[in-house]
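Q: This is what each chain is made of:
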Amino acid sequence: MDDLLLNQFLLLGAVLFCLGVYGVLVRRNAVLVLMSIELILNAVNINLIAFGAWRGDVAGSVFALFVIAIAAAEVGVGLAIVLLIYRNRRSVDLDDIAELKG
Amino acid sequence: MLDIAWVIPLIPAASFFLILLFGKRMPFKGAEIGIFALGLCFAMAVVTNVQWFQRVDDAEHAAHATSGAEATDEHAASDAATTEHATESHADAEGDEATESPSSAAEEHDEGGAAAEGGAAVEESHAGDDAHESDGGEDDHAEAGGAGGGHTEFEVEPVRESITWWSSGGIDFSVGMLLDGPAVMMLFVVTLISLLVHIYSTDYVGGDRRYTHYFAFLSLFSASMLGLIMSENTLQLLTCWELVGLCSFALIGHWWEEKPNSDAALKAFITNRVGDVGLICGVIVLFFGAGQTFDIVTINEMAVSGEISHLVLLVGACSLLAAVMSKSGQFILHTWLPDAMAGPTPVSALIHAATMVVAGIFMVGRLYPVFFQGLSIGVSGVNLLAVIGGVTVIGGAGLAFVQTDIKKVLAYSTVSQLGYMAMALGVGAWTAAFFHLFTHAMFKAGLFLGSGSVAHSVHSFDMKEHMGGMKRFMPKTYWTFVISTGALIGLFPLACFWSKDEILAGAEQLGTGYTAFLVVGLIGAFMTAAYMTRCVYLTFHGEPRGHAADAAHPPHESGPRIVVPLYILSGMAVLAGFTNLPNTGALDFVPDSWALRFEHFYEPKGEYFPSVLDTFSHPEFNIGIAIGSTIIGLLGIGLAAAWYFRGLGPHGLTERNKVARAGHRVLVEKYYLDRLYTDIIVGAVKGPIAKAAYWFNQKGIDGVINGAGTAAVRGGQFVYDKIDQGVVDTIVNGSGAAAEGSGQGLRQMQTGRVQQYAALLFAGAAILAGIFIIVI
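Here the protein sequences come in this chain order: U and W.
In terms of our numbering, the first sequence has 49 at position 49, counting the first letter as 1, and numbering is strictly consecutive.
In terms of our numbering, the second sequence has 728 at position 728, counting the first letter as 1, and numbering is strictly consecutive.
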């Protein structure tokens, strides 16, 4: 894989990452925030795999697999929390959930 | 037994606590504990005495052997003499063994009282054998002492045990025992008298509301006196001395509900405090004088050898004399002693015979080198101790004439006899003083218990109001009282004849100014005879008066618990004098094994006692003095008998003659000493001096104190206002405020909105990444 192709992958990852960060910061809906986190993680996965392919090293792919597995667990826990919050408050709007305010 | 003699004082001490704790629950209200404890003590004291005799004799043998060995080198002639003596005495011993045994047994009975066992008698007969040798070897003796020359040289080693009580500043304060002749003798006296007093008291104070308490204090009294006589150092002596004072206070004030009794107890205690100051000073002076030690043996050795300067000894001896004057009732601090009659009679007997008042005499005898050297007893013409003793002899005897209370007669008699002891010590007759102490303890206890027996029957101590003719009601008490009186007067061959003559001979022997004390002693003997005859007459003869004449309740003889101690004590009054039979002068026919037993066994032998000095001497028997004093005593009895029994003489003189009335008044007022103390000294202190002190207190001391207080308050206010409130609080509050402010500021950042946190996180990460890129 040449440097040009790598750059395209890295660009894709950067765009995805920025989209994810944007989603995390501005979305009110907790489910959408979770989805945005998935975007960030996948952007990282793209980077890992791109660099692994560029270096001819499988370690990148291995790490990406780990990240996918952990992301699945994270989403499971996150959705459970969101579900409980919804049941309690009939809303998943993050602006309403400010119980940790000092 | 000698090594564990230190348990003897601990037994009554334990008994004190046991009686206090369990006494009330016991069948005899605690009396049995006390009697058992004292009985045990007495048995142990007898065993201690017997073993001490053995020790003295063993030491005698040893000294004899070494002096013989030395003699072979240096003095061939004396060697020959020694061997001759040895063989001679050996032959004598064999010859005398059989004949002497019974007589020696009698002697032991005399020493050991009713408790003479067969074993003790056998032991005494051994002692008899040795006397020959010891007397024969007297010349060699001095050589042995001189040749030894070491620092600590005992001819008879005292038993010494001590443990460190506590240490402070490199000085060990120890507690222990020093068991030598005088201590062993006192052990016997104290335990015997105390035991008899215990038994007597079960009847005398029976049914008293504080019966248990009474016995508890009797035990503690005995314990503290036993502790005092066995004291190994002056500090322990001081402690026990104070304990004795405390117990006497408690017992004199036993019936404290009546004001005079509690006053008497206070007077005894406070008068003794005056002397105690002297004792404390003396102990401190001797402590530093002897190179920071309280050890009695060391102090004595250094005093004998002259290592302590004469001035220090003089100051120490004078300080200690104050203590002797108060404790042993010497003129002018004797005033508490007659008042101490307010206590129960057995207590008076105990105080006057065995414990309290002899403590002072014992202390002088214990630290005798200090007095001997400090007051230059051997060399000067006259000294303070002898003068105090002499004045007390006459002063006490004079007061005894005008008393109507039988116990007060006896109390002044004690004062007078204690004067004899002090005088004897003052003229260097140590053995005579202790011998007199020994005999006096026996017959004076007998007299007190006898007077108690009479008072028990007529419920009064007043001879003039409530007694008279008691002879027919109380024959047993009468005869024991008369025997004890005879012993006190010094009739041949009763106890005091021997001891008083030894004192008089001592006063005569030293010469050079001490002869005056011989005259004092003889006058004292005359007065003693007269006032005791008066006392016997008023109590036992003539017509019954007052309670004694009460037909509804005629007086009756006391019970066995009162009479038996009287028998024992009057028996001792007869026999005690034979313990120190002289064998010099007109009495040189007395066998050596009988003579001077008391001196032989009880006088300390060694370099801690002034007998090693040239100036120390033992009085010899003087037939002239003996006959003279007897005649004077008989004269006293005769005059008093003529006055009271026959009604001869110028009766009513005190009403007619101004001089006689004035003299009588002085005696009744007790030489105005109580007036001096209460009105003049106390009055002066209470009046102007107290006022001046109050003024000074208010104006001077209070001014300083108030000033200091005000200054402290002002200073405190300043510190509070400026430093505390200004500086410290600003810092403290400031730090608090700063913490709160920063907290409030930081609080704003914690919105609780997760997305904001995430934004900050990303912003931070981005900044870090930027730095990372720029740096790398």
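Everything labelled a hint here was simulated from the structure, so no lab data went into it.
Predicted model, so just to flag it, every value in this text is computed and none were measured.
All C-beta atoms in this analysis are idealised placements derived from N, C-alpha and C, irrespective of residue type, glycine included.
Worth double-checking, as some hints may not be accurate.
[What the hints assert, rightly or not] Facing chain U, according to a computed beta carbon distance under 8 Å, are these residues of chain W, among others:
no.	residue
1	202
2	206
3	207
4	210
5	211
6	750
7	754
8	755
9	758
Q: For every hint, state whether the structure bears it out.
A: Cross-check of the supplied hints:
1. Of the supplied interface hints, the one on residue 202 (chain W) is violated, with its beta-carbon coming no nearer than about 89 Å to a beta-carbon of chain U, more than 8 Å.
2. Checking residue 206 (chain W) against chain U: minimum C-beta separation of about 89 Å lies over 8 Å; hint violated.
3. Against a cut-off of 8 Å between C-beta atoms, the interface hint on residue 207 (chain W) is violated, since the closest Cβ of chain U lies about 88 Å away.
4. About 79 Å separates the beta-carbon of residue 210 (chain W) from the nearest beta-carbon of chain U, more than 8 Å, and the hint is not met.
5. With its C-beta approaching chain U no nearer than about 82 Å, residue 211 (chain W) sits outside the 8 Å limit, and its interface hint is violated.
6. Look at residue 750 (chain W): its Cβ gets to within about 3 Å of chain U, closer than 8 Å, so that hint holds up.
7. Because the beta carbon of residue 754 (chain W) sits about 6 Å from the nearest beta carbon in chain U, less than 8 Å, this interface hint is met.
8. About 5 Å separates the beta-carbon of residue 755 (chain W) from the nearest beta-carbon of chain U, less than 8 Å, and the hint is met.
9. For residue 758 (chain W), the interface hint holds, the least distance from its beta-carbon to any beta-carbon of chain U being 5 Å, beneath 8 Å.
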